[in-house]
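Protein chains in written order, with my numbering: chain A, 1 to 399; chain B, 1 to 399.
Read the hints as simulated data drawn from the structure, not as lab findings. Because the structure is a prediction, the values reported are computed rather than measured. Virtual Cβ for every residue (Gly too), placed ideally from N, Cα, C. It is possible that part of the hints are untrue.
Stated by the list, open to error - Quick look at which bits of chain A chain B covers, simulated, 3 or more residues with Cβ under 8 angstroms:
#, region
1, 113-127
2, 208-217
3, 225-236
4, 243-249
5, 255-263
6, 271-279
7, 375-389
To be verified - Straight-line distance between alpha carbons at most 25 angstroms, and here's what the computed SDA-like set of lysine to any residue pairs gives:
#, chain 1, residue 1, chain 2, residue 2
8, A, Lys299, B, Pro226
9, B, Lys264, A, Glu356
10, A, Lys299, B, Thr223
11, A, Lys264, B, Asp326
12, A, Lys299, B, Asp227
13, B, Lys264, A, His208
14, A, Lys366, A, Gln321
There are 2 protein chains.
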Amino acid sequence: MTATTLRTAGGSVGHVETSFLELPVAVPLDCGRALSGVRVAYETYGTLSPARDNVILVCHALSGDAHAAGSTSAPNAVRTRDGFGAEERDAERGRGLGWWDGMIGPGKAFDTDRFFVVSTNLLGGCAGTTGPSSLDPQTGRAYGSDFPVITVSDMVRVQRALLTELGISRLAAVAGGSLGGMQALEWAVGFPEEVDAIIPIASTHSLHPQGVAWNAIARNAITADPDWQGGHYHGTGRAPTAGMGVARMVGHITYLSAMSVNNKFGRRLHGADDIRYDLTTPEFEVENYLRHQADTFVKRFDANTYLYTSRALSYFDLARQYGDGDLRRAIRRVSARTLLIAFSSDWLYPPQGSQELAAALRAEEKDVEYHVIDAPYGHDCFLLEEARQTPLIRAFLDG
Amino acid sequence: MTATTLRTAGGSVGHVETSFLELPVAVPLDCGRALSGVRVAYETYGTLSPARDNVILVCHALSGDAHAAGSTSAPNAVRTRDGFGAEERDAERGRGLGWWDGMIGPGKAFDTDRFFVVSTNLLGGCAGTTGPSSLDPQTGRAYGSDFPVITVSDMVRVQRALLTELGISRLAAVAGGSLGGMQALEWAVGFPEEVDAIIPIASTHSLHPQGVAWNAIARNAITADPDWQGGHYHGTGRAPTAGMGVARMVGHITYLSAMSVNNKFGRRLHGADDIRYDLTTPEFEVENYLRHQADTFVKRFDANTYLYTSRALSYFDLARQYGDGDLRRAIRRVSARTLLIAFSSDWLYPPQGSQELAAALRAEEKDVEYHVIDAPYGHDCFLLEEARQTPLIRAFLDG
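Just chain A, same shape as in the assembly:
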């Protein structure tokens, strides 16, 4: 199957600009601290209905930003979405396209002829929303590792505060993949009266322990880099790019399936017909690719944002947060209709997580629909398998 066959029909939302809004009230955080003067970067696509009842919030994953759809001319808008398939398509389509451009637009899964779609950069981010690289008003320098340790609940609290400022008090749906799906779940459990439907894709109620381990390894790679400097590297002229590169490599391979790595690279040698007996030069195509990915990523992403976001998604655990360890009890308060989509080859967020959620929701007699899409691209499927997600999402939103 070529990338082309995965494409969706439908139009583009066209040129968009990211907006920024400073929240007028301090945001209380799970850790007990509060953040004042939080700035939120966001984009919107489509038209808000007079009744303000057509709002869909889309939530990004670990390395995303507010720019979910359309094209932008922002100078730093080098679109490098997770996953090699996604990135190749970006290159093909030119720079500046949103990370879910295939899903958001006229006639697409999130149809901007019907819905007003809002996308925000997460709290702790490095693309416009307040995060560890923002100035700490107390010290006048970047927060660095003085930034409070945040949770998915905190991220959702900031999204909700933004929506309040935009005059939106109710969501037709919250959707997202991976960490984005965790936010959708958090919305449904934390604010059941304000959400009509959620669409968590390639997500889970709690990351499984091997996933916790991968995240810990990636964070260790960053903090082991002496240029991390205890988290206060901003303004020093040095940043933990070497550690971030290794973190990105770990992340990257966990987003792909073994089969997709094999199909894409095999054991093909890089730049030579035979091995060159060199200790550090990439000998295999996959080695070269990983290094290229690392080099690209460190130019656009802040290492501390990686640390904070990775921590938050590892903490996320609906049963622990809301059910004293019991998932059924945790989701008892959900009133939103739920569409869960998982992918057969996703081993970072395997179908089992969605399946457990579906079982708990069904046991509590909630309205839930669960699909496993049989596809080979691993966790990246949520960015790549747009054409097969689209009819499921459109039918669900019609329901």
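Keeping the supplied structure of chain A fixed, place chain B upon it in accordance with the hints.
Same frame as chain A, now just chain B:
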């Protein structure tokens, strides 16, 4: 199932000392260079028959050494075998036991009442055999990254030179897990007239691309550490322990199955009843465990040995080396009887590799036996599932 039930019957080879021998002739290497004055660390268990026809060579994996069985009082013999199960058992049994002690001894899989078992530290190693931390006679300082880039063939060439010195010209069997199994295969293809049988366990004819990627990531973690110093850290008082720690974490998780990580740690918190909102302190048991593993490993293992050995096992590719890309052609010269054992939950060296080997050997009408043991411990099974490997190996060696 508790660790106890995995144990084997049979006795111990008792106290052993590692021996050392300097090869009298230079060893030619695949890269075109040659190494003179190669020292080899080795141990033997059992008694060499008068006909010298009862020799079994056992070959270690990435982080092993010559001490495969029995107990030793060597001061640096902290037995930390790959895998948490293995390491716990080491702790239980006391320090100093060989990495395959459950497999080698009177009445065990490799029965020292019948066989004379030889185990060597690999070329490039850091436990007695010449490697990058050895003195380069040309410069009088440690080779570091001036050590030649080696292959599995080179490792086998050194083993063979040692055996020649010991007066052994024929092997009843060559056995090993993981990289050790690659050596067994290399023996059978490279020196078919000298090997009666091979037992590659949890191994493959070529590492699959995702495995190549994991190895590249681990190596990148080491070389990204400024203390690696381009490979010349010996004598500087600094070594790339931070990078090595990350490399070990990556390796460690790939040795375990997702299920075994889950069974062992779940999402249990470490040292507290609730999350502590701390950016760098391990919050989960699995995070703490990884850090402990990293700290232990860097004390006993040389980073350059890791780099060179990881390179060698990534290069290994029977079809490329011996068959112009055709595996059947590559193994056509094999005359050894072959026993292949794989483990259902091993995703680093998945059963498919052994299965492809078995199919190629069968297609060439070779004598091959292939077993997949259904066990949950991932790649570590080859060190843990001794009781279930034992009857297969004993029956095969009787055959």
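These are the hints, each one checked on the structure:
Using a Cβ-Cβ cut-off of 8 angstroms, 0 residues of the region 113-127 of chain A lie near chain B, which falls short of the minimum of three, so the contact claim is violated. Proximity of the region 208-217 of chain A to chain B, defined as three or more residues with a beta carbon under 8 angstroms from a beta carbon of that chain, is established by the 8 residues found. Figure legend: the region 225-236 of chain A, annotated as covered by chain B; annotation consistent (3 residues with Cβ-Cβ distances under 8 angstroms, at least 3 required). Check on the region 243-249 of chain A: 4 of its residues sit with their Cβ under 8 angstroms from a Cβ of chain B, so the three-residue criterion for coverage holds.
With a threshold of 8 angstroms between beta carbons, the proposed coverage of the region 255-263 of chain A by chain B holds, since 4 of its residues qualify and at least three are required. Here the region 271-279 of chain A counts 4 residues with a CB under 8 angstroms from a CB of chain B, which clears the bar of 3, and the coverage holds. As drawn, the region 375-389 of chain A meets chain B at 0 residues by the rule of a beta-carbon pair under 8 angstroms; below three, the given contact is violated. This hinted pair checks out: lysine 299 of chain A and proline 226 of chain B have alpha carbons roughly 20 angstroms apart, not beyond 25 angstroms.
Note on lysine 264 of chain B and glutamate 356 of chain A: the hinted pairing holds, with a Cα-Cα distance of about 20 angstroms set against a maximum of 25 angstroms. About 20 angstroms separates the Cα atoms of lysine 299 of chain A and threonine 223 of chain B, which keeps this hinted pair within 25 angstroms; it holds. Between lysine 264 of chain A and aspartate 326 of chain B, the direct Cα distance comes to roughly 20 angstroms. Compliance with the 25 angstroms bound is thereby established for this hinted pair. Between lysine 299 of chain A and aspartate 227 of chain B the CA atoms are separated by roughly 23 angstroms; this keeps the pair inside 25 angstroms, and the hint holds.
Annotation: proposed proximity of lysine 264 of chain B to histidine 208 of chain A holds, straight-line Cα distance about 12 angstroms (limit 25 angstroms). Of the supplied pair hints, the one linking lysine 366 of chain A and glutamine 321 of chain A holds, its CA atoms being roughly 20 angstroms apart against a limit of 25 angstroms.
In summary, the numbered hints that this structure violates are 1, 7.
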